[in-house]
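Q: Here is how the chains run, residue by residue.
2 protein chains.
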Amino acid sequence: MNFREATRRDLPAVLALLADEDEVVDPGSVVVDEASERAFASIAADARNEVLVLTDGDAPDGVVIGCLQLTYIPGLGQGGRERALVEAVRVRADRRGEGLGAELMRLAVARAGERGCGLVQLTSNKRRTAAHRFYEQLGFARSHEGFKLSLTD
Amino acid sequence: MNFREATRRDLPAVLALLADEDEVVDPGSVVVDEASERAFASIAADARNEVLVLTDGDAPDGVVIGCLQLTYIPGLGQGGRERALVEAVRVRADRRGEGLGAELMRLAVARAGERGCGLVQLTSNKRRTAAHRFYEQLGFARSHEGFKLSLTD
Chain A
1 MNFREATRRD LPAVLALLAD EDEVVDPGSV VVDEASERAF ASIAADARNE
51 VLVLTDGDAP DGVVIGCLQL TYIPGLGQGG RERALVEAVR VRADRRGEGL
101 GAELMRLAVA RAGERGCGLV QLTSNKRRTA AHRFYEQLGF ARSHEGFKLS
151 LTD
Chain B
1 MNFREATRRD LPAVLALLAD EDEVVDPGSV VVDEASERAF ASIAADARNE
51 VLVLTDGDAP DGVVIGCLQL TYIPGLGQGG RERALVEAVR VRADRRGEGL
101 GAELMRLAVA RAGERGCGLV QLTSNKRRTA AHRFYEQLGF ARSHEGFKLS
151 LTD
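Chains as they are written, first to last, in our numbering: chain A, 1 to 153; chain B, 1 to 153.
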């Protein structure tokens, strides 16, 4: 298994994971639209944002089976340490139940720690109760309510 | 009232607000430590982060009575739109109950909308039930659980 920053070559596989709810989406079938292209370039150019992929096998160019995004947020609290925000955590539908999600999260937390972050935070939809147990087992405290306001309705 | 990006001159007043739980902290008594100095410079230099202040009166250099931080997060979802994360919302202890918090949040949401964000999100500690009603009244959906993992314990 490898855990590394996604490159432009990984974008179809990452978009396939984001589109994958319960069935595997073939990266070969993904059309990379201009908005995704631009968003990926923005993330890649930003030193405080990264899309990370978990790949199968020992070679770094193995098949992408998981992904997440980390955002490092500077702030005035916590002695000036950044906090890491985790978004868009995905494991490929046919590879769930093998502990890959936990591995992905552990690698992300370790990465944030190596960078010097004081905190890792994320939100999970209230309906996803299995995910809540998963994050608690990883040591996260379910201490906050998560609020969202859509601006596109 | 003015709503604008904080400058280095506002830093003591912002740190006073962050230290203010139930009693006003005099900005004149705040010693700006090196970590805060560095963190503020990082935020000011980052096009996706800003500390915003609400000031009293018509002049833009009025007394700081509220603040918050906005982080604009690029992502592959939502047609490539950024989402805005709100952190560190504060209103000065002796000015609460006047609707300034709602005004501050409305201005922040409007700012995120003008920038083209698709979503505004925040988390609030589960103990702060009055804050939860406040965010719901502003139109936020309490749809998520917020998880935190401290890396400094």
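Just so you know, the hints here were simulated from the structure itself, not pulled from any lab data. Each hint should be verified, as a subset may be incorrect.
All copies of an identical chain are treated as equivalent in the list; a pair is satisfied when it fits inside any one copy or across any two copies.
Mimicking DMTMM-like on lysine to aspartate or glutamate, the simulated pairs with C-alpha atoms at most 25 Å apart in a straight line are [as the list claims (entries may be wrong)]:
| hint | residue 1 | residue 2 |
| --- | --- | --- |
| 1 | 126 | 37 |
| 2 | 148 | 103 |
| 3 | 148 | 87 |
| 4 | 126 | 103 |
Q: All the hints need checking, so say for each whether the structure fits it.
A: Here is how each hint holds up against the structure:
1. 126 / 37: neither (31 Å within a copy, 38 Å between copies)
2. 148 / 103: between (28 Å within a copy, 18 Å between copies)
3. 148 / 87: Both ways: residue 148 and residue 87 sit 14 Å apart in one copy and 13 Å across, limit 25 Å.
4. 126 / 103: Only inside one copy: residue 126 and residue 103 sit 23 Å apart there, 28 Å across copies, limit 25 Å.
Violation of the numbered hints given earlier is confined to hint 1; every other hint is satisfied by the structure.
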